[in-house]
Amino acid sequence: MLKTNRSVERSMKILEVVSDSGVCSLAFLADQTGLPKPTLLRICATLVGQRWLTQSRSDSRYRIGSGFPRLGNAPDSIDALVEAGSAHIMDLSEDTGLGVDLAAAIGNGRVEIVDTTRQYSKHGIFPDCIGYRPSPFRSALGGAFLSALEPKELMACSDILSANTTGKDRAAALQLPTKLRDIRTRGFASREPGYWGRAVDYGGIPSAIGVAVRSGDQVLGALSLVWLAERRSVDDVAQAQLGRLTATAKAIGGHFAT
-11 MLKTNRSVER
-1 SMKILEVVSD
9 SGVCSLAFLA
19 DQTGLPKPTL
29 LRICATLVGQ
39 RWLTQSRSDS
49 RYRIGSGFPR
59 LGNAPDSIDA
69 LVEAGSAHIM
79 DLSEDTGLGV
89 DLAAAIGNGR
99 VEIVDTTRQY
109 SKHGIFPDCI
119 GYRPSPFRSA
129 LGGAFLSALE
139 PKELMACSDI
149 LSANTTGKDR
159 AAALQLPTKL
169 RDIRTRGFAS
179 REPGYWGRAV
189 DYGGIPSAIG
199 VAVRSGDQVL
209 GALSLVWLAE
219 RRSVDDVAQA
229 QLGRLTATAK
239 AIGGHFAT
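The working numbering puts the first residue of the sequence shown at -11, with every later residue one more than the last.
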């Protein structure tokens, strides 16, 4: 009977756990695989080097990378966006001193946060946001993304979104045409004051400004700067940092295209 390769078996188990869970910390991988952390670190470093895994530099968590084999050998667009944006969002965060969220389009006018530089010790805001799908109508990311869509696509998306909204989201949806005109005039979207307060387990309520991320004619998602609302106003941050935010979104789109 042929002996099996333990390293390959362990790598396959790690990939299985990450694939099933979406995003995994080292502690979660240790719990799910039963492997010691030093072993996990070595194997994960190899998988990251091969781009089968990608690791967020903000919280060190793992997700499936763009090099992971798929049918047709086409990398998943979300993984490719994370890879394209990883270094850029870290540079933007260091330059501005603010948190940065990167969101990817997931269909029907929605986006999902796929990477972030948030650190509670540095930014004072809730950092565990990867996988969160912000409101299309009340968030900076959602507004920036919708404002970049072509009219026909926007109409189709807004009809679907409006049919499935209630409460404050419903009220905000009714104001969408006015809001989108304002976003296009200012050149950025902003978070509705107080939005997402109930989802914050610790840290203060954030403010944010966002812009769309494009690659050619394709709207990939959106990028936002995030900070404690009590520290700075939207106008102050936009005046000081909008140029950097817009340039970073453009750089991510260019990197994605290559």
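Read the hints as simulated data drawn from the structure, not as lab findings. Treat the hints with care, as some may be off.
[What the hints assert, rightly or not] No more than 27 angstroms apart at the CA atoms, straight line, and that leaves these computed lysine-lysine pairs for DSSO-like:
1) K156 to K140
2) K110 to K167
3) K167 to K140
4) K156 to K167
5) K140 to K1
6) K1 to K110
7) K25 to K1
[Stated by the list, open to error] Quick list of simulated restraints, FRET-style, between CB atoms:
8) E141 to T27: 43 to 49 angstroms
9) N152 to S48: 30 to 36 angstroms
10) R169 to T246: 29 to 35 angstroms
11) P165 to E82: 35 to 41 angstroms
12) N152 to V(-4): 40 to 46 angstroms
13) G191 to D224: 17 to 23 angstroms
14) M78 to G192: 19 to 25 angstroms
15) N96 to R(-6): 26 to 32 angstroms
Ideal placement from N, C-alpha and C gives every residue a C-beta, glycine not left out.
Evaluated hints:
1. K156 to K140: Holds, at about 25 angstroms.
2. K110 to K167: Not satisfied, since the Cα-Cα distance of roughly 31 angstroms exceeds 27 angstroms.
3. K167 to K140: 17 angstroms, holds
4. K156 to K167: Holds, because 15 angstroms separates the two Cα atoms, which is no more than 27 angstroms.
5. K140 to K1: 44 angstroms, violated
6. K1 to K110: Judged against 27 angstroms, a Cα distance of about 34 angstroms means the pair is violated.
7. K25 to K1: Holds. K25 to K1 sits at ~14 angstroms (cutoff 27 angstroms).
8. E141 to T27: 43 to 49 angstroms: 47 angstroms, holds
9. N152 to S48: 30 to 36 angstroms: 35 angstroms, holds
10. R169 to T246: 29 to 35 angstroms: For T246 against R169, whose Cβ atoms are near 34 angstroms apart, the range 29 to 35 angstroms holds.
11. P165 to E82: 35 to 41 angstroms: 37 angstroms, holds
12. N152 to V(-4): 40 to 46 angstroms: 44 angstroms, holds
13. G191 to D224: 17 to 23 angstroms: Hint holds: Cβ distance 20 angstroms, inside 17 to 23 angstroms.
14. M78 to G192: 19 to 25 angstroms: 23 angstroms, holds
15. N96 to R(-6): 26 to 32 angstroms: At roughly 44 angstroms between Cβ atoms, R(-6) and N96 fall outside 26 to 32 angstroms, so the hint is violated.
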